[in-house]
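**Q** Line order of the protein sequences matches chains A and B. The working numbering puts the first residue of the first sequence at 62, with every later residue one more than the last. The working numbering puts the first residue of the second sequence at 93, with every later residue one more than the last.
These are computed hints drawn from the structure, not numbers from a lab. Values in this document were obtained by computation on a predicted structure and should not be read as measured data. Think of the CB as a built atom: it goes at the ideal place given N, C-alpha and C, for glycine as much as any other residue.
Output of the computed footprint for chain A on chain B, the stretches with three or more beta carbons under 8 Å from beta carbons of chain A:
hint, region
1, 117-125
2, 363-372
In silico DSS-like links for lysine-lysine, alpha-carbon gap of 27 Å or less:
hint, chain 1, residue 1, chain 2, residue 2
3, A, Lys-180, A, Lys-191
4, A, Lys-122, A, Lys-195
5, B, Lys-119, A, Lys-99
6, B, Lys-388, A, Lys-66
7, A, Lys-142, A, Lys-122
8, A, Lys-89, B, Lys-119
9, A, Lys-142, A, Lys-196
Covered stretches of chain A (chain B as the covering partner; in silico rule of three or more C-beta atoms under 8 Å from a C-beta of chain B):
hint, region
10, 80-88
11, 91-99
Spelled out from the first residue to the last, the chains are:
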Amino acid sequence: MNWMKEAWEVTRSMGQSMSVVFRNFLRKPTTISYPYVKRELPDRQRATFALLVDKETGEEKCTACLICQNICPSQVISMVKEQKNNRGFAKEFTLDLGGCIFCELCVQACPQDAITMIKLWENSQIDREKLVLKKEALLANQKYQSSEIIGSKIRDMQAPPKAPPKPAE
Amino acid sequence: MTDLIFSLAILAGILVVVMYLTLLERKFASRLQSRIGPQRVGWPFGYLQPVADALKLLVKEDVIPSVADPKVFNLAPIVVLLPVLLVFAVIPYGEDFVLADLNIGVLYILAISSLTLIGIFMAAWSSKNKYAVLSGMRAVNQMISYEVPLVLACLVPVILAGSMNLTDIVAFQNKVWFIFYPVLGQLSFLVFLISALAEANRMPFDITEAESELVAGFMVEYSGMKFAFFYLAEYAHLLAVSFVAAILFFGGWGGPILPSGVWLASKVLFLFLFILWIRWSLVRVRLDQILAFSWKVLFPLSLVTLLLAGIWKVW
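Given these sequences and hints, build the entire structure.
**A** Here's what the structure looks like:
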């Protein structure tokens, strides 16, 4: 009766796979027709960068401390420092998106919360030069939706702040 | 003269239908995999996609390998397509709507549709390609083994109706379709369907063009319009199988209220979709398994159905 068992097994597995496929047919297609419908991006989407401006004083947050330039693994950030009003300013700030590996290390390292990643993700260009973001473009990127991650926030997530010490009795 | 116009109209109609069957397969397959399928060319259902495909294949470069035998190589696609198209000459599309009402319709269909094998082997042999030759040998193996059960399964309706004429067979099923004959109908339809799928080189028996092992099998060296001929032949064969199955087992154009052509078309569409469903759910079978299944299971089974049909007829 070995062949009967085998025949039953074959029939059963065939029926199983056909029923799975048919259940797929009844489902709604999961395709998102991209240029017409855009999918919702995750909160921490890493796409392109923006330099932030302090909302109260209206000054650029970046002090040109060179930390992001030094930590960048692919060395795509470069800046020229300028001293003004007792603090540093980035006179020039370039970020080559073409070489960027989107590791977010510059955002994590920034002590001034000056650089952030935004959700503007359709970045393909025909000309490679257009991928090199200058300071003006980075500042202008502020108006897009941020991925809500800035340096201090991400450092808190990685090492939660210690509870304030108990007041001495 | 009217016959000529009629046959040309049927030929053109079949070719257009076959073109759109490729779109139907793509749409249906994508729904089975919860995708949408072709959509952009001819918004919103992709109804211009077959036209775009045909145009693309027409303007492609026609490559003939330098080692190939050019005469046979060029002749093979025509030899594959022609017999399949000839099958449609005898099929009754509705009441009093048949091009050639042959007395030996079933025999004619069986004889002429197995001629495609010669075309396939010509294509495989003249390409002088290892994959093509392997695939050609597989095709011969498979066709020879499945021809026998196919013929025997087709004989069951012939015996019951007492005629080889397709119109007579349909007329005989006017009360009860052959598929509803207890045990006999279902068994013979099962044998017919399996061996017809193997004849059409269709999943799960598509070892001749097994994409993952033989690239594209016998048509690996073909490009452009010749490649399209093979594809047309494949889908036309599938359509022919659906037609023959609908006529032999599902009562042809018979059915209440609606006009006869609509009944036949809906049965054919149903069978075609069923074949597609099988294709997209089952996996490919090995060559030795295919041959063993044919000779050890299908052949005895078809003999049993033949015996049952004889007993039914006499009793």
